[in-house]
Structures are given as structure tokens and as C-alpha cells.
Amino acid sequence: MLDSAPHSTGLHCRGLCKSYGQIQVLKSVDFSVLPGQVVALIGENGAGKSTFNNIIAGVVKPSEGQMWLDGAPYVPLSPADAIHNGVALIHQEIRLLPELTVAENIFLGRQPTRAGRVDRAEMVRQSREILRALGVNVDPNRVVRGLSMAVQQGIEICKALLRKPRYVIFDEPTASLGEADAELIFEQVRLLKQNGTAIIYVSHRLDEIMTIADHVVCFRDGNRVADWDGASVTKEKMINGMVGREFTFEHRAPEPSGENVVLQVRGLSRGRAFRDISFDLRQGEILGLAGLIGAGRSEVGRALSGADPIEAGEIRLDGRVLRLSSPRDAIEAGIVMVSEDRKGLGLSLDQSAARNIAQPWERSLTRAGMVFPSRIDALGSRQKERFDIRGQMGLPVNSMSGGNQQKVLLAKWLVKTPRVFIVDEPTRGVDVGAKMAIYEIIRGLAASGISVIVISSELEEVLGLCHRVLVMSEGRLQGDLPRDAATPEQVMALAVPGADGAAKANGNIERGGNGA
Amino acid sequence: MTLLDQTGPNPGASAGKGKTEAGMDFVKKVQRYIPGPLIGLILVSVVFSVLSPYFLTTRNLFNVFSQMSEIGIMAAGAALVIIIGGIDLSVGAVLAVSLMLNAWLYRDFGVPFVISTLAGLALGAFVGLVNGILSTYGRIQPFVATLATMSACSGLALFITNGSPVTGFPEWFSEITSARFFGLPLEFVILVVVYLIVAYWLYFRPSGRALYAIGGNEEVARLSGINTRRAKVMVYVTAGFLAALAGLIVGSRLDAAHPTAGVNDLLSVIAVVVIGGASLSGGSGGMMGTFIGLMIIGVLRNGMALINVSPNLQPVVIGVAIIIAVMLDRRAATR
Numbered sequence: 021m022l023d024s025a026p027h028s029t030g031l032h033c034r035g036l037c038k039s040y041g042q043i044q045v046l047k048s049v050d051f052s053v054l055p056g057q058v059v060a061l062i063g064e065n066g067a068g069k070s071t072f073n074n075i076i077a078g079v080v081k082p083s084e085g086q087m088w089l090d091g092a093p094y095v096p097l098s099p100a101d102a103i104h105n106g107v108a109l110i111h112q113e114i115r116l117l118p119e120l121t122v123a124e125n126i127f128l129g130r131q132p133t134r135a136g137r138v139d140r141a142e143m144v145r146q147s148r149e150i151l152r153a154l155g156v157n158v159d160p161n162r163v164v165r166g167l168s169m170a171v172q173q174g175i176e177i178c179k180a181l182l183r184k185p186r187y188v189i190f191d192e193p194t195a196s197l198g199e200a201d202a203e204l205i206f207e208q209v210r211l212l213k214q215n216g217t218a219i220i221y222v223s224h225r226l227d228e229i230m231t232i233a234d235h236v237v238c239f240r241d242g243n244r245v246a247d248w249d250g251a252s253v254t255k256e257k258m259i260n261g262m263v264g265r266e267f268t269f270e271h272r273a274p275e276p277s278g279e280n281v282v283l284q285v286r287g288l289s290r291g292r293a294f295r296d297i298s299f300d301l302r303q304g305e306i307l308g309l310a311g312l313i314g315a316g317r318s319e320v321g322r323a324l325s326g327a328d329p330i331e332a333g334e335i336r337l338d339g340r341v342l343r344l345s346s347p348r349d350a351i352e353a354g355i356v357m358v359s360e361d362r363k364g365l366g367l368s369l370d371q372s373a374a375r376n377i378a379q380p381w382e383r384s385l386t387r388a389g390m391v392f393p394s395r396i397d398a399l400g401s402r403q404k405e406r407f408d409i410r411g412q413m414g415l416p417v418n419s420m421s422g423g424n425q426q427k428v429l430l431a432k433w434l435v436k437t438p439r440v441f442i443v444d445e446p447t448r449g450v451d452v453g454a455k456m457a458i459y460e461i462i463r464g465l466a467a468s469g470i471s472v473i474v475i476s477s478e479l480e481e482v483l484g485l486c487h488r489v490l491v492m493s494e495g496r497l498q499g500d501l502p503r504d505a506a507t508p509e510q511v512m513a514l515a516v517p518g519a520d521g522a523a524k525a526n527g528n529i530e531r532g533g534n535g536a
Numbered sequence: 620m621t622l623l624d625q626t627g628p629n630p631g632a633s634a635g636k637g638k639t640e641a642g643m644d645f646v647k648k649v650q651r652y653i654p655g656p657l658i659g660l661i662l663v664s665v666v667f668s669v670l671s672p673y674f675l676t677t678r679n680l681f682n683v684f685s686q687m688s689e690i691g692i693m694a695a696g697a698a699l700v701i702i703i704g705g706i707d708l709s710v711g712a713v714l715a716v717s718l719m720l721n722a723w724l725y726r727d728f729g730v731p732f733v734i735s736t737l738a739g740l741a742l743g744a745f746v747g748l749v750n751g752i753l754s755t756y757g758r759i760q761p762f763v764a765t766l767a768t769m770s771a772c773s774g775l776a777l778f779i780t781n782g783s784p785v786t787g788f789p790e791w792f793s794e795i796t797s798a799r800f801f802g803l804p805l806e807f808v809i810l811v812v813v814y815l816i817v818a819y820w821l822y823f824r825p826s827g828r829a830l831y832a833i834g835g836n837e838e839v840a841r842l843s844g845i846n847t848r849r850a851k852v853m854v855y856v857t858a859g860f861l862a863a864l865a866g867l868i869v870g871s872r873l874d875a876a877h878p879t880a881g882v883n884d885l886l887s888v889i890a891v892v893v894i895g896g897a898s899l900s901g902g903s904g905g906m907m908g909t910f911i912g913l914m915i916i917g918v919l920r921n922g923m924a925l926i927n928v929s930p931n932l933q934p935v936v937i938g939v940a941i942i943i944a945v946m947l948d949r950r951a952a953t954r
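Note that the protein sequences, when read in sequence, are chains A and B. Numbering-wise, the first sequence is residues 21 to 536 according to our numbering. Numbering-wise, the second sequence is residues 620 to 954 according to our numbering.
If you're looking for bench data, these hints aren't it; they were derived computationally from the structure. Heads up, the beta-carbon is just placed ideally off N, CA and C, and yes, glycines get one too. Honestly, I wouldn't trust all of these hints.
Unchecked claim - Covered by chain A, per the in silico footprint, the following chain B stretches (three or more residues, Cβ under 8 Å):
no.	segment
1	824-836
2	842-856
Unchecked claim - Chain A is nowhere near these chain B residues, computed Cβ spacing over 12 Å in every case:
no.	residue
3	Val-839
4	Met-907
5	Leu-947
Modelling step: build the complete structure from the supplied sequences, incorporating the hints.
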């Protein structure tokens with residue numbers, strides 16, 4: 021290990037602890053990063069990575085432990101103080117003001133002035149310089165609204181780098197980006213590294229960690245449990261280090277026994293979102309819906325679950341034609357969808373987990389026309405047990421970790437046994453341990469005879485779970501592959517638009533939070 | 620698709636708990652059911668009962684309730700609107716215009732008083748319907764939509780009689796506000812009944828509980844199978860209707876319909892809801908809190924009048940109370 025003496029150059033931490041009340045989230049962690057080095061930080065959600073970053077960036081104060089920065093004791097009082105000391109944290113979420121220009125965003129709160137007025141020319145000039153230095157190809161004079169996520173993330177990085185920090189923490193910078201876009205971020209990390217900046221890089225994507233990290237440190241339950249050299253580390257080592265046990269994508273449900281078709285979709289179309297979608301779904305079958313982001317996969321799911329109206333086509337459930345004018349209609353017919361955006365579309369974060377779970381079913385929970393809290397609580401504890409949700413069902417959902425929130429979301433839609441269960445990105449933003457649990461839930465559903473549609477950007481996930489894979493591209497169905505024929509190459513060739521699809525495939529396919 | 624065969628309360632659940640754990644549960648329950656504003660109300664009441672010997676007399680307490688009844692009835696509607704994340708600026712103006720319509724129909728057209736009263740209530744509900752449709756199907760922000768209807772309603776209230784008040788309601792009507800119901804002022808009884816009905820809807824009926832989901836995240840609520848637009852329209856209709864009902868109490872008390880009655884009540888109404896613990900961003904608040912908020916404002920106004928605080932200073936104290944209440948609420952929420 022490279023933990024050198026605290027009194028030398030670099031950032032060194034010794035015995036960092038942090039507890040909130042009785043809960044200890046960080047347990048005596050040692051850590052070092054040297055100038056020109058990229059140290060990757062991995063671990064499940066709740067392993068203590070964010071707390072650790074926040075301590076270094078001055079957002080929270082450690083309960084115990086010491087830090088040294090280039091030989092001097094380092095006690096950041098606030099984020100501003102940390103930045104003053106040359107330590108910058110780049111947040112996972114993009115926080116740009118969409119109506120301001122790129123340059124105005126970069127210089128927000130510290131515009132250069134001349135004679136007391138904002139010197140716009142200088143601001144644009146400096147912005148152009150820093151954007152070029154980091155390889156972000158965008159006009160500093162245009163407004164941020166409408167820029168791609170990758171470019172916005174790039175601008176966010178430029179913003180942080182304006183003060184020329186010597187220590188930069190990247191907190192999941194690629195979480196919302198596709199693989200091609202992520203390349204832009206890697207390039208920026210390499211450039212920074214060449215300039216002698218020390219980098220702490222947090223990510224769930226193990227492929228990219230192997231590409232850029234010099235050193236990998238793994239946290240689990242607030243402890244530093246392992247570390248490896250960047251050159252020699254393998255995906256398996258990292259996953260096992262994070263989970264503390266073996267991980268696999270393979271969760272195969274038994275082959276559907278009969279030819280009993282539950283859901284028939286014929287010629288489904290809606291505007292430019294998707295066109296002429298037809299497929300059958302058998303009882304107990306897990307059907308994967310693969311494709312690039314924007315191919316129309318989620319939109320098909322939303323139409324099937326009554327969230328969006330359809331313009332043409334027919335949906336038959338058990339042979340009967342369904343007319344879905346609202347989500348309520350679909351829920352009553354037994355088609356439910358777990359949406360990809362847990363926070364925006366799935367859960368009311370300020371409400372208790374139990375109440376969230378009961379929300380769609382309150383009408384059937386009434387006794388003499390009334391809903392009693394005791395029934396909600398009872399339903400909450402039943403689902404907690406059934407789905408192994410760790411957390412207090414009576415507290416707001418946002419007090420739970422991502423994995424448990426996702427389980428709450430699944431539990432919400434599985435109060436009644438559905439006929440068709442649609443899940444969109446079932447494991448987005450979920451740690452490895454919860455991932456396996458969620459795969460197991462989906463497998464169990466199919467085994468009990470429920471038909472499942474899995475929409476996912478993570479190819480391993482689709483291939484590990486599904487009996488059959490439909491591939492969409494630009495709103496159309498491009499292929500219907502049985503599991504054995506569905507190789508990553510096959511799926512990519514169908515997913516990428518245009519005749520030379522296969523050639524472009526490797527660069528463009530969105531493979532999501534890969535590996536973990 | 621059988622649902623929840625075993626969701627009844629589980630009698631064995633607490634059997635194995637130790638004594639201390641049960642004690643902790645009790646403390647938690649008390650914290651959950653005694654809202655923060657209640658402590659504020661008790662404090663304020665204690666202070667005034669020390670400062671003025673007259674404060675804690677039955678007659679004075681009845682005064683507090685009577686004086687606040689119209690604001691309280693409007694606040695019940697406003698609380699619903701605020702729970703769904705909306706705002707209704709038109710309540711005061713709706714009070715005025717519905718009362719004016721009622722009085723005008725009765726006096727100038729000889730319409731039977733019961734009919735004219737129903738017309739006034741219907742007008743209140745109708746303005747609420749307009750508010751609801753504008754802010755859902757019309758996609759206009761509720762602040763803007765209700766600002767427009769507020770302006771229109773206060774204009775109409777003046778236009779009907781060219782600005783002059785209407786006097787001379789039936790005698791029995793003006794006696795409503797002096798009547799006693801088992802020793803309680805009747806308007807207070809009406810207030811309590813309104814609160815009980817709204818609270819029942821909000822806590823026990825699925826369509827009422829859905830309002831919290833809508834205020835928390837409207838799209839999540841819609842995807843959970845709630846008809847969000849219909850629920851929102853219902854809430855604005857209720858708020859409009861309750862404003863018209865409050866107008867009846869004002870009319871009865873003054874034995875007259877003033878075209879500018881209720882116009883100054885809007886801010887008190889919102890203050891009551893906010894002091895009661897609701898957040899203007901929606902998803903929180905309730906009838907218990909609103910009722911306590913109402914009592915706080917009522918006691919403050921009454922107590923300050925008793926100890927001769929200048930009426931011009933009273934709004935300042937109310938302003939301070941709003942800030943303190945909201946700050947305490949924030950602290951409680953983050954703890």
C-alpha cells in the first residue's frame with residue numbers, strides 16, 4: 021500500500037470516523053492520494069464513500085481522525101474552505117442553471133469584473149480556454165438548456181477546475197452518461213492527472229475503473245476492506261470485495277411451461293416514440309427489451325401500463341382487448357410498471373415507505389369506506405418481510421438507501437399479484453448486494469407464473485434474466501432473439517441504427533452501470 | 620388477485636415487547652400525535668392568562684372562537700389546496716362575491732332566502748371549479764389562476780350593487796351567530812363540524828388521502844392510479860364552497876353584506892395553515908395543525924386586544940409568530 025508518511029506531499033487521512041447518533045457510517049479509515057495519481061473508490065451504496073468524500077470536501081466534519089494536506093494538518097471548516105485549500109468535489113448531480121450561458125455557469129458567483137461591472141469578454145475568453153483544455157466542445161455563449169448530459173457534466177467539471185484545485189474528487193461523474201459520453205470524462209481525468217492533480221474517483225462502473233485508476237480502494241460497511249493496484253485488479257475481485265460474497269448476473273427462471281399467451285401486442289404506435297410494435301408474452305416468461313437509450317423501450321412500457329395514450333394498435337390481455345386511458349385502468353387489469361426514475365416517477369420521497377406501498381391499493385384497503393393506519397402499517401411490515409427491505413417502513417422513503425428504495429418500489433407494485441409486471445431499469449443506482457436480491461425477486465415472480473418485461477440498458481442484466489430478448493432501435497422492433505441466440509454482439513448489431521450497425525456497436529451501446 | 624387477506628391489525632405484535640420498549644413507543648406516539656404548534660398554543664395561552672385576568676373566562680374564550688370562525692372555515696379549504704401543492708388567493712374575494720350575490724338576490728329580486736343562500740354557495744363552488752379547471756386542464760399556475768379569479772370576484776362584488784352594502788337579512792339568519800348550541804356558539808359548532816368532515820375525508824377516505832400523494836409528487840400519484848386532475852378540481856371546488864360558507868357567517872354576524880368583506884382575511888387564512896405546519900410546497904399539513912394554527916392566531920389577536928396592544932402593532936406580532944412557527948417546524952423536521 022502507498023500510505024506514506026502524513027508529513028509528505030499528498031492528501032493523507034488517518035483513522036477517520038463518522039457517526040450520526042448511534043450509527044457509525046465510517047469506521048477508522050486510512051487513505052492516501054498523491055499528486056498525479058488516480059485513486060478509485062468503490063463500494064456498495066451505504067458503504068461510506070459519500071461520507072468520506074464529504075469529509076474531505078469540508079461538507080461534514082469527522083467525528084474522529086486526522087487529515088494532512090501536503091504535510092500540514094488539514095481541517096476544512098466548509099466546502100468554501102476546502103476549495104480555498106485546493107480540494108474540489110464534483111457532484112454526481114448536475115447543478116447548472118439552464119437559462120444561463122455556459123460561461124455564466126462556469127463563473128457563477130465569481131465573475132471577473134472590470135470597473136465594477138462584469139467583464140463578459142474576459143469571462144467568455146477564460147471559459148473558452150478552460151473548455152478547450154478539457155476537450156469540451158461547446159460555445160461558451162450558448163445557454164445550457166438543451167445540451168447533452170455529457171457536455172453538462174463537462175461544464176460542471178470546468179466549473180470546479182476554475183480555481184485550479186490540486187485535489188479533485190469525482191463522485192460518480194458518469195452515472196448519468198452513456199459509454200461513449202463517459203469517454204469524454206475519462207479524457208478529462210487523464211489530462212488532470214498529467215498536470216499533477218490528485219484524483220479520487222468514485223464509480224459503480226467497474227470497467228471504467230480498470231481503465232483509469234492507478235489504485236483501487238474498496239469500502240464496505242464503513243470500513244476499508246481491500247485495495248488493489250489498478251493494473252492488476254479484476255472485476256471479480258472488486259465485486260467480491262464490495263459484496264463480501266460471490267456475485268452473478270445469472271438468475272434464470274424456469275422455462276415457461278405452456279404456450280399460454282398472456283399479453284398480445286399488435287401494431288402499437290405512438291407519435292415518434294415508437295411505431296408498429298407487435299409481440300406476444302407467455303405466462304411465466306421474462307421478456308427483455310433492449311436497445312439504446314431513446315430507442316423507445318420505456319415508452320412502450322409506459323403505453324402498456326396506461327401512463328401514455330396509444331395512437332394505434334391493440335393490446336390484448338388473456339385474449340380480451342384492453343382500453344387503457346389511465347394508469348388506473350392498467351392497474352385494475354393487472355398490468356403494472358416499475359418506472360426507471362425512482363425519485364421522479366416511482367416514489368413520493370417525503371412519505372413513509374408503508375404509505376408509498378399502499379398508495380395504488382388504498383381503495384381495496386378500506387373497511388366501511390375508511391382506510392385505517394393500522395392496515396397501512398400491516399401491509400408495510402408484510403412487504404418489508406417479503407422483500408427483505410432494510411429500513412423503517414414508517415419513515416420517509418428518502419431515509420433509505422437506493423437499494424432499499426428500489427425494493428420499496430418493487431413491493432409497491434407487487435401488493436397484488438399482477439398478470440404482467442413491467443420493470444424499467446430495475447437496478448439503476450442500486451448496489452451490488454441489492455442487485456442480486458432484485459434479480460432473485462424477478463426470477464421468483466416468473467417462476468410463480470407472472471409474465472415479466474424487463475427493460476434495461478445493462479446488457480448482462482437482460483441476458484442473465486430473460487428467456488427472450490426484443491431489440492428496439494429508433495422506435496421500431498428490430499429483432500426477437502431467444503436467449504441462446506442473444507449474444508451481446510447480436511443485440512448490439514440490432515440496436516444500433518443503420519446498416520453499418522455492427523461496426524459502430526462497440527462504441528455506442530449503452531451498457532449502463534456495467535459490471536456491478 | 621385476492622388482496623391482503625391478513626392485513627388486519629396484528630394483536631400479537633406487541634406481546635413480546637419489553638417494558639422500556641413500550642415506553643419508548645409511547646413517547647414516539649406522543650411526539651407523533653402532539654404536533655409542535657400545540658406547544659406554541661399552550662405557551663401563548665399561558666402568557667395571556669397571566670397578563671390578563673379576563674383572558675381565561677368562558678365568555679372570552681367563546682369570543683376567540685367566534686371571531687375566528689370565518690377565517691377557520693376558509694382555512695380548512697386553504698389547507699386542502701396547500702396540501703396538494705397549490706394556493707388559493709381568491710378565498711376572500713369569493714366570500715365577498717357569494718355573500719353579495721345572496722343578499723342582492725334576496726333583497727332586490729325577492730328570491731326566497733334559502734334559494735339565494737344556495738345560489739351564493741353555488742357561486743363559491745363555481746369559482747372554485749373555475750380555479751380548479753384553470754390550474755389543471757388550463758395548465759395555469761394556481762397562483763396566477765386564483766389571482767385572476769380573486770381580481771374578478773372582488774370586482775364583481777363591488778359591481779353588483781355599485782359598491783354599497785346590502786342590509787336586512789331575515790331575522791333568524793342574523794340570530795345564527797348569537798345562538799348557542801349546548802352552550803357553545805353555533806358558528807363554532809359549524810367550524811368544528813367542517814373540520815371533522817374534512818379531517819375524516821383527509822385521513823380515512825382514499826380520495827382524501829390521495830391529496831398528500833398529489834402534493835408530494837403529482838406524477839407518482841398519477842402513475843399510482845390516482846385521477847389527479849379530478850382530485851385537484853375537487854379541492855378547489857371545496858375551497859370555494861367553504862369560502863362562501865364563511866361568507867354566510869360574516870353576513871349573519873354583521874346582518875349585512877359588504878362588498879369588501881373578507882378581502883383582508885386572505886393573509887390570515889394562509890398564515891393559519893402555515894402556522895399549523897403545512898408547507899407551501901405541498902404534501903404536508905393537516906386539519907389538527909390547521910385548527911391549532913387558527914387558535915394561535917385567534918388567541919394572539921384576542922390577547923393583544925385585551926392587554927391593549929395597538930391594533931397597528933398586532934400584525935407585526937402575527938408576522939413574528941409565523942416566522943417562529945415555521946422555524947420550529949423546520950427544526951422538528953430535520954431532527
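Confirm or reject the coverage of the segment 824-836 of chain B by chain A under the rule of 3 or more residues with a beta carbon closer than 8 Å to the chain's beta carbons.
holds (count 8)
Would you check whether the claim that B/Met-907 is not at the interface survives, using Cβ distances to chain A and the 12 Å cut-off?
Non-interface label on B/Met-907 holds, nearest chain A Cβ at 14 Å vs cutoff 12 Å.
Chain A versus B/Val-839 - minimum CB to CB distance exceeding 12 Å, so not interface:
Since the minimum Cβ distance to chain A is about 5 Å, B/Val-839 lies within 12 Å and the statement is violated.
With 12 Å as the threshold, tell me whether B/Leu-947 passes as away from chain A on beta-carbon distances.
holds (19 Å)
Given coverage of the segment 842-856 of chain B by chain A, tested with a Cβ cutoff of 8 Å and a minimum of 3 residues
holds (count 5)
In the structure shown, a violation is registered for the earlier hint numbered 3 alone.
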